[in-house]
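Undergrad: Keeping their order, the protein sequence lines are chains A and B. Per this note's numbering, the very first residue in the first sequence carries number 253; after that it's consecutive. Per this note's numbering, the very first residue in the second sequence carries number 167; after that it's consecutive.
Treat the hints as calculated values from the structure; they're not laboratory data. Since we're looking at a predicted model, the values are computed, not measured. Just so you know, nobody snuck in bad clues.
What the simulated footprint calls covered on chain A by chain B, stretch by stretch (three residues with Cβ under 8 angstroms from a Cβ of chain B suffice, anywhere in the stretch; the number is not a length): (1) 568 to 581; (2) 731 to 739; (3) 747 to 753.
Using 30 angstroms as the maximum straight-line C-alpha spacing, the simulated DSS-like pairs for lysine-lysine come out as follows: (4) K689/A with K593/A; (5) K724/A with K564/A; (6) K339/B with K454/A; (7) K788/A with K339/B; (8) K254/B with K427/A; (9) K426/A with K397/A; (10) K724/A with K624/A; (11) K254/B with K397/A; (12) K724/A with K685/A; (13) K724/A with K559/A; (14) K593/A with K685/A; (15) K454/A with K338/B; (16) K338/B with K788/A; (17) K499/B with K788/A; (18) K788/A with K502/B; (19) K502/B with K412/B; (20) K454/A with K499/B; (21) K507/A with K560/A; (22) K254/B with K788/A; (23) K254/B with K454/A; (24) K438/B with K788/A; (25) K426/A with K788/A; (26) K593/A with K624/A; (27) K618/A with K507/A; (28) K426/A with K254/B; (29) K454/A with K438/B.
Every residue, glycine too, gets a C-beta built ideally from N, C-alpha and C.
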Amino acid sequence: MTKTTAPDEATDQDLGTAGSQLSTAPVDASPNLPVLGVIGWARWFWRQLTSMRVALLLLLLLALGAIPGSLIPQTGQDETKVADFQKAHPTLAPIYEKLGLFHVYGSVWFSAIYILLFVSLIGCIVPRTWQFVGQLRSRPPRAPKRLTRLPAYTTWRTESEPEQVREAALALLKKRRFRALPHSLEDVGGAPIAGDAVAAEKGYLREVGNLVFHIALIVMLIAFAWGQLFKSEGNKLIVEGNGFSNTLIGYDDFKSGNLFSTDDLTPFSFTLNDFAGTYEVSGPNKGTPRTYQASLTYAEGAYGKDKKTVVKVNHPLEIGDSKVYLTAHGYAPVITVRDGKGDVVFRDAVPLLPLDSNVTSSGVVKVLDGYKNAKGETEQLGFQAFLLPTYTVGNEVSSTFPALLNPVLNLEPYHGDLGVNSGIPQSVYQLDKSHMKEFKDSKGEQMRENLRPGETMTLPNGAGSVTYEGTKEWANFQVTEQPGSGWALAGAIAAIFGLASSLFIQRRRVWVRATAGPDGVTVVEMAGLGRSESAKVPEELGDLAGILYEQAPGVPDPAPDPDDVPDPTHPAVPAEGSEK
Amino acid sequence: MTLAAATDLAAATNENLASLSNTLIYSAMAVYTLAFFAYIAEWLLGSRSKVGRTAAALTATKARTQKAGAPAVTVKEGGSTAVLERPKVVVRAAAGSRDVPDGPGAHGGDEQGDLYGRIAISLTVLAFLVEFGGVLARALSVQRAPWGNMYEFNITFSTVAVGVYLTLLALKKNVRWLGLFLITTVLLDLGLAVTVLYTASDQLVPALHSYWLYIHVSTAILCGAVFYVGAVTTLLYLFKDSYENKLASGGTPGRFANSVLDRLPASASLDKFAYRVNAAVFPLWTFTIIAGAIWAGDAWGRYWGWDPKETWSFITWVAFACYLHARATAGWKGRKAAYLGLIGFGCWLFNYYGVNIFVSGKHSYADVGLGALQSVGF
Ligand code: HEM
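Between the sequences and the hints, there should be enough to build the whole structure, so can you do that?
TA: Listed below in structure tokens is the structure:
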């Protein structure tokens, strides 16, 4: 019994060695539960965490965990939608809140998944890297005894000396950029069967690519996290002719990451010289914007030289780590307010907010100080303003085109106390009418007038006048700083190249054995083994054999020797890890 | 005056091109329909052959005892002297895989079936050219890449999918059997495009003026087309695999399964092909996401913001990473990995239809200011 099975077992072991270490994938952790106390448990846990199976499960969890954030409104994207959702689902919302479903990507459980995944990844990369370095320093495994059982095999008989054939094979494989070594007798403990073959391996770049890819993932994660912690994002609305300098107080609103400090703001300043928008003038998409561009004069640093540039949608201005984006635009009518004596008490361009895609706009003009009414008392003035950039007769409530084709400004004047001194922050776009009185016209109704550029509205009873001088445009700029994006990009590029070489390069081994046959004629045997089954391995082996065959031409076969023939009842040896 | 006239002329040209495009798309649909019938004929005629190769092979493996011959040396006859060229390589399947030959394809070896199959492919080539013309005319009429809305995305997508199929055929890959499945979905895709999704031709809004858009969306479409080919193959792999399992365990599959599945390539070949296809586009999909992030960085000031579209691209990416991992993990190979591959394609599909229709995000945004103008097919 033992006598008949032993050689087979030996062969199988032999073949297993031939296919071993074709990759550095971790061997599956044994499911045995540890009995060694804390350290044993820790080691067991670590081995589980860094196994392929757990990595796979964590990846699956990551995909699953990302789903709810795409279906439930997220605070990071749209606070108002979250508020609407909370109003609409009073029972569900608190549960969602508890589960962190309104900020999935920052939630504890989502972070736990990806942190575990990356710990697993590091725990996987480090040993794999060492193992790979080890593989690079050792030699390809020696030829298995029975090359016939490998996935690709060929043989012929030749008159050339075995030594010559092996040398030719070695030269050929080296020329083909294989790492090739002849195995001398001493190498394998004097076993004569192994000393007669050349062993070669190629495609190490596959492993390099794979490691680069996984390391690049870590680089990207760190860069992204870094960016989140140190990022800043501010908005500033600027009317044509006005400027901005990059300081915290310069912004209308400002958000930043946890570790951001105001010293991190890149010093620069700019002035908006001109904003221009063009729109489709006809057809079904009349009014659809075609281009938006803002011409700026900017200076880097505190005392930089003035430079000119144009910022468009998709084309931010980049200064150091900061990027200046054009994010919105609108109109700012220039308003002059005079008191009863005709003295100018207010002259400014007042930005109005767009309400629809034809830039029907509304806002408020506030005259805070310097105004005295007809009785000489100090008062404040407020005007509810409503602008139609293109007024068409018959459509009093909305603009019919986004450009300034026929602008009409509707003003509703009020006087009294604007309430801005009460200490409560007030929107510049809203009028608190609680302490304001309407101006009445001669019929006793609320005064309201449509003005065209250049026209003036006279307030009743010598209260003064308002003139609509003309219209400027405003643009909103978002200034963002996200350090680490260069690293993220570098990581991304490395990931793609690593991935491509990991997926497209095949790691494979070739053995060439040449032995003197019983009749004195040399028998050449060649076999190939790839990491995975691939048509390329036999193809390449055929090419190599063809070349070698020219150098060691064949002689006719004798009667087939049953021992040297591939045996179909024994399937070929599998590559490591490819068995089902 | 002259300027206005020129604008009118240009507008008229564009309208003409747009209607030409519509005509071509409808013509392509007609030709695809003919091709569809020819494929059906191929399958029907092919069912006349009742060889049962898979069953034969599976029983033969068990019974086979004689040994294969030694690798022969190919001999090229050169005049009077025989020139020995190169030794022949013997290839053997890895352990654990069944030694099942690939089926002959839809025609099942039937000559008439084969003829219809060839007719079907010729018609597919014709329809592809017509559809390509339609997409081109559409692009010229709007003077930009033809993927600014879902209608355009659909017509471009099906053109690319058929293009991928024809390219694989031209490269002499064994994919002819895919024809019927592909053309059926192409017809569905186009039907949806011309009925539900039709959008009159229009130019792009400023937010979409970026060359990253061209790169990002064109690779997204190509990836989708290739993922689709991978998904169909994976699905057929699952059927064929159960069929072979049933035969190997001595069961008798139904007549329909016998007739259809027997003509497909062996499950191992299907599996390998699906893997190749998915693995080949995975780096491109990675690139697509990165290109999208760069575009988002330029357009919105952040390269990643977990917008639904971004999120689903990411989910799709992770799903395919799972698939690739599963194939290298013991206990997950084969059918389990195949399910992951199908899930990956499902994610891609949802990212296109589901997110565009059910979920609103920045990619189909309605907001004041410039935001109002960012609506995009992908
Ligand atoms: C961030 C999550 C990860 C992603 C996106 C990812 C992605 C990938 C991809 C796409 C491949 C395919 C390359 C191929 O098929 O050869 C791959 C291979 C591989 N990954 Fe990961 N991986 C991740 C985490 C991990 C972790 C945690 C481990 C450690 C257990 C790991 C170990 C491996 C190994 C060993 C291979 C090579 C398998 C082979 O030789 O075929 N990966 N990974």
